[in-house]
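There are 2 protein chains.
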Amino acid sequence: MRCETEELHAKDLADVAQTLPREMVAPFLSALPVERAADVLEYLNEELRTEVLETMSVRQAAELVTEMTPDDRADTLEGLEESSAEEILSEIPAEERAETEKLLAYDPASAGGLMTTEFVSVSQDTPVEEALAAVRRIARSERLEAMNTIYTTDAAGRVRGVMSLRELLAAPEGGKVSDVAWQEVQTVPVTADREEVARLTREYDLVAVPVVDDNGVIQGVVTVDDVIDALVEEHTEDVQRFGGMEALEMPYTQIGFLSMIGKRAPWLAALFLSEMLTTTAMGHFQGEIEKAVVLALFVPLIISSGGNSGSQATSLIIRSLALGEIKLRDWWRVALRELPSGLMLGAILGLLGIARILVWQHLGIGNYPHPNLVALTIGAALVGVVTFGSLAGSMLPFILQKLGFDPASASAPFVATLVDVTGLSIYFYVALLILRGTML
Amino acid sequence: MRCETEELHAKDLADVAQTLPREMVAPFLSALPVERAADVLEYLNEELRTEVLETMSVRQAAELVTEMTPDDRADTLEGLEESSAEEILSEIPAEERAETEKLLAYDPASAGGLMTTEFVSVSQDTPVEEALAAVRRIARSERLEAMNTIYTTDAAGRVRGVMSLRELLAAPEGGKVSDVAWQEVQTVPVTADREEVARLTREYDLVAVPVVDDNGVIQGVVTVDDVIDALVEEHTEDVQRFGGMEALEMPYTQIGFLSMIGKRAPWLAALFLSEMLTTTAMGHFQGEIEKAVVLALFVPLIISSGGNSGSQATSLIIRSLALGEIKLRDWWRVALRELPSGLMLGAILGLLGIARILVWQHLGIGNYPHPNLVALTIGAALVGVVTFGSLAGSMLPFILQKLGFDPASASAPFVATLVDVTGLSIYFYVALLILRGTML
Numbered sequence: 026m027r028c029e030t031e032e033l034h035a036k037d038l039a040d041v042a043q044t045l046p047r048e049m050v051a052p053f054l055s056a057l058p059v060e061r062a063a064d065v066l067e068y069l070n071e072e073l074r075t076e077v078l079e080t081m082s083v084r085q086a087a088e089l090v091t092e093m094t095p096d097d098r099a100d101t102l103e104g105l106e107e108s109s110a111e112e113i114l115s116e117i118p119a120e121e122r123a124e125t126e127k128l129l130a131y132d133p134a135s136a137g138g139l140m141t142t143e144f145v146s147v148s149q150d151t152p153v154e155e156a157l158a159a160v161r162r163i164a165r166s167e168r169l170e171a172m173n174t175i176y177t178t179d180a181a182g183r184v185r186g187v188m189s190l191r192e193l194l195a196a197p198e199g200g201k202v203s204d205v206a207w208q209e210v211q212t213v214p215v216t217a218d219r220e221e222v223a224r225l226t227r228e229y230d231l232v233a234v235p236v237v238d239d240n241g242v243i244q245g246v247v248t249v250d251d252v253i254d255a256l257v258e259e260h261t262e263d264v265q266r267f268g269g270m271e272a273l274e275m276p277y278t279q280i281g282f283l284s285m286i287g288k289r290a291p292w293l294a295a296l297f298l299s300e301m302l303t304t305t306a307m308g309h310f311q312g313e314i315e316k317a318v319v320l321a322l323f324v325p326l327i328i329s330s331g332g333n334s335g336s337q338a339t340s341l342i343i344r345s346l347a348l349g350e351i352k353l354r355d356w357w358r359v360a361l362r363e364l365p366s367g368l369m370l371g372a373i374l375g376l377l378g379i380a381r382i383l384v385w386q387h388l389g390i391g392n393y394p395h396p397n398l399v400a401l402t403i404g405a406a407l408v409g410v411v412t413f414g415s416l417a418g419s420m421l422p423f424i425l426q427k428l429g430f431d432p433a434s435a436s437a438p439f440v441a442t443l444v445d446v447t448g449l450s451i452y453f454y455v456a457l458l459i460l461r462g463t464m465l
Numbered sequence: 026m027r028c029e030t031e032e033l034h035a036k037d038l039a040d041v042a043q044t045l046p047r048e049m050v051a052p053f054l055s056a057l058p059v060e061r062a063a064d065v066l067e068y069l070n071e072e073l074r075t076e077v078l079e080t081m082s083v084r085q086a087a088e089l090v091t092e093m094t095p096d097d098r099a100d101t102l103e104g105l106e107e108s109s110a111e112e113i114l115s116e117i118p119a120e121e122r123a124e125t126e127k128l129l130a131y132d133p134a135s136a137g138g139l140m141t142t143e144f145v146s147v148s149q150d151t152p153v154e155e156a157l158a159a160v161r162r163i164a165r166s167e168r169l170e171a172m173n174t175i176y177t178t179d180a181a182g183r184v185r186g187v188m189s190l191r192e193l194l195a196a197p198e199g200g201k202v203s204d205v206a207w208q209e210v211q212t213v214p215v216t217a218d219r220e221e222v223a224r225l226t227r228e229y230d231l232v233a234v235p236v237v238d239d240n241g242v243i244q245g246v247v248t249v250d251d252v253i254d255a256l257v258e259e260h261t262e263d264v265q266r267f268g269g270m271e272a273l274e275m276p277y278t279q280i281g282f283l284s285m286i287g288k289r290a291p292w293l294a295a296l297f298l299s300e301m302l303t304t305t306a307m308g309h310f311q312g313e314i315e316k317a318v319v320l321a322l323f324v325p326l327i328i329s330s331g332g333n334s335g336s337q338a339t340s341l342i343i344r345s346l347a348l349g350e351i352k353l354r355d356w357w358r359v360a361l362r363e364l365p366s367g368l369m370l371g372a373i374l375g376l377l378g379i380a381r382i383l384v385w386q387h388l389g390i391g392n393y394p395h396p397n398l399v400a401l402t403i404g405a406a407l408v409g410v411v412t413f414g415s416l417a418g419s420m421l422p423f424i425l426q427k428l429g430f431d432p433a434s435a436s437a438p439f440v441a442t443l444v445d446v447t448g449l450s451i452y453f454y455v456a457l458l459i460l461r462g463t464m465l
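Just so you know, the sequences run in chain order A and B.
Using my numbering, read the first sequence as starting at 26 and increasing by one per residue.
Using my numbering, read the second sequence as starting at 26 and increasing by one per residue.
It is possible that part of the hints are untrue.
Pairs involving identical chains hold if they fit within one copy or between any two copies, as the list cannot separate such chains.
[As the list claims (entries may be wrong)] When the alpha-carbon atoms are kept at most 27 Å apart in a straight line, the in silico BS3-like pairs for lysine-lysine are as follows:
(1) K36 to K201
(2) K427 to K316
(3) K201 to K352
(4) K427 to K352
(5) K127 to K352
(6) K36 to K352
(7) K201 to K427
(8) K127 to K201
(9) K127 to K316
(10) K127 to K427
Honestly, the hints are just simulated from the structure, not real lab data.
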């Protein structure tokens, strides 16, 4: 089985394939043993994999796809045009076809969509030596992905226990597997979100999570490599959404120009339309600006400070909610924390702002009328705006979660827009309060 | 060994411990068998773990810590006050102490800092049956974390091959382990960054990554659970840094008030000081604003649009670089992509802006002099500012990487600040160009 020396990992062969001219990839795969070619196919990037399969004959593609692990087979077919996928599906053996169709029916972001249907389970009454012999037999005859963990089941097929291959090896001879297996098994329903699967894997240090139906019967297993892929995808999506766009859901280098515009323009336009309120707000204070143009000069400085403190608070709360450190009901605890934080941060920026105006005035660079009053206005407005920014930024993820959205859809530009509009009003009302009778 | 029925996972016992009054946690742990208590200790959050160990007698703490896996032992001691850590270290057996001191010497964010020193390796000449017997013996006598993978070594102790426990089980009897093992082994040096370890784990679907010294001699193994923890930590740090602050490096709920201010205020102040340039820039155009106050009303709208498109571009490039989809040398490819994207996105927003002004004017809500020229100014400025935002936002991560910083330290507020200052100048120069002779 492993006679060739210097065997490369399929991932390295995939890297080689990716440097070949496009039209050479299919012949390259054909030159490999089919099992090996299927392995390599799994490691190709989605775009190339799709292209290669669509240039092959349906029969050849079906042969390759049949050899893939069930979860990767489903993922691969999901990436193809529906008609090609159906053609290929119709050519693969009935058993694999049924299995694949079942997996394709699950949401790709759910436990069902991540799981593989090949795993090892034994009845809980099986003697240890018999289980071990069975595992060796399976290990020799099939290539199962999820073999580091063995599940024990009752007569109805419900999961009753779990043990690692190592624990089975270490088990005293003469006993039953139920003596060895851990009886508290962490399972997820087929419909569980992949974030839930990731959370269990992380918290319990698992290498595989069993996926069960409503009756507790095991349907498949999510292996840790798929959990890692899901985590990395979530990470990318979170950063992109926090950056103020829809998640691309494919590599930047592979997405088409118009698709990318489609992910960016709607959010940009929505933010633009909301931000138009700043023009309305400023129009409301046009008389004041005409009387004291100096007020306009500080607008970007003040509103951006509110947006920045809001962006900080939002990033903190998004991750804290995602990691389960805080729950929805903790919103008031967070508010009670962000209020003094905002006041403190606002005071720091306010002092910097006051110092800037007074020093500039002293050096003769700035030349504002009533410099002390202007400085006081800027300082007080910063305290107000930064405090509002911290509060609004920290509450936004809670509000989104409460409304049934993912808290991670709160983005830095979204928070900045929210704070810009309110920040302007805070600023001009503070100015009216302090400068009325002198400049206004 | 596993006689108790209904055994709970250590993580669940840790959850129980975390709901107890603080002073009850140490007695609760004392009531458990020491091996089990050590397991539970590993799953407590860092703050509670530190507190519990510091309230115990040094001898009791040392006994518990000795039972932990080497990597968790090092992590735990790293969390303690240096003096307590040294007291405890001096009480643990010499072998474990030496091992722990070695691990403590590595950077916690490096492969050396993540690895455990307990793993299974056999000489490459070992017969399969003998290796299997050895693995069974080890599995029965010790609790090794990294037992799903077995490494083969040459006479000098250098890693020569790798096989999974399953592959060893499946191996034909009568052969040597070198016939079974894969000869292409992915290893990392002890100094490798944890992101490199994560990348290998993800790309090759590994459950353990061997860590080697300069001579290729295996020093330890990073297990996949630690890779997942590292990925999740990186995720949190990335989001927080993208939000415009220093990474907290501990849960939001656990960090002290002043420590949190210390993570937020410096960035906020630095952004504030840079953003002061907007006041200077606007001061430069004070004469124009006095002549046409209407120009000031659109300032927040225009500069925020540039910041938003920049934030989108930055989030895309940060992740694309982190995933290795693009390299530093691809900067010009990205620039060639972001230039038309920015023009297109700017044109969309520009048209929205023009429509807004003209419709408002038509409805009699807005009442600007020279509405068509103002609309043209806003539209043209938006194209310029959004294009500049996309370009600047996409180039920033490359520039940071080129300068030796982590590209992920580019934050949304940082990009917004950069674009605000330039965006203002673009806006006012466009205004001068279009409105000179009429309003200006």
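For each hint, the structure was consulted:
1. K36 to K201: Between copies only: 26 Å across chains, 39 Å inside a chain, cut-off 27 Å.
2. K427 to K316: Intra 44 Å, inter 48 Å, cutoff 27 Å: neither.
3. K201 to K352: Neither way: K201 and K352 sit 42 Å apart in one copy and 54 Å across, limit 27 Å.
4. K427 to K352: Classified as within: same-chain Cα gap 11 Å, cross-chain 40 Å, threshold 27 Å.
5. K127 to K352: Answer is neither: 35 Å inside a copy and 39 Å across each miss the 27 Å cutoff.
6. K36 to K352: between (40 Å within a copy, 19 Å between copies)
7. K201 to K427: So K201 and K427 fail the 27 Å test inside a copy (48 Å) and across (60 Å) alike.
8. K127 to K201: Neither: 33 Å inside a copy, 41 Å across copies.
9. K127 to K316: neither (71 Å within a copy, 70 Å between copies)
10. K127 to K427: Intra 33 Å, inter 48 Å, cutoff 27 Å: neither.
Checked against the numbered hints given earlier, this structure breaks hints 2, 3, 5, 7, 8, 9 and 10; the rest are met.
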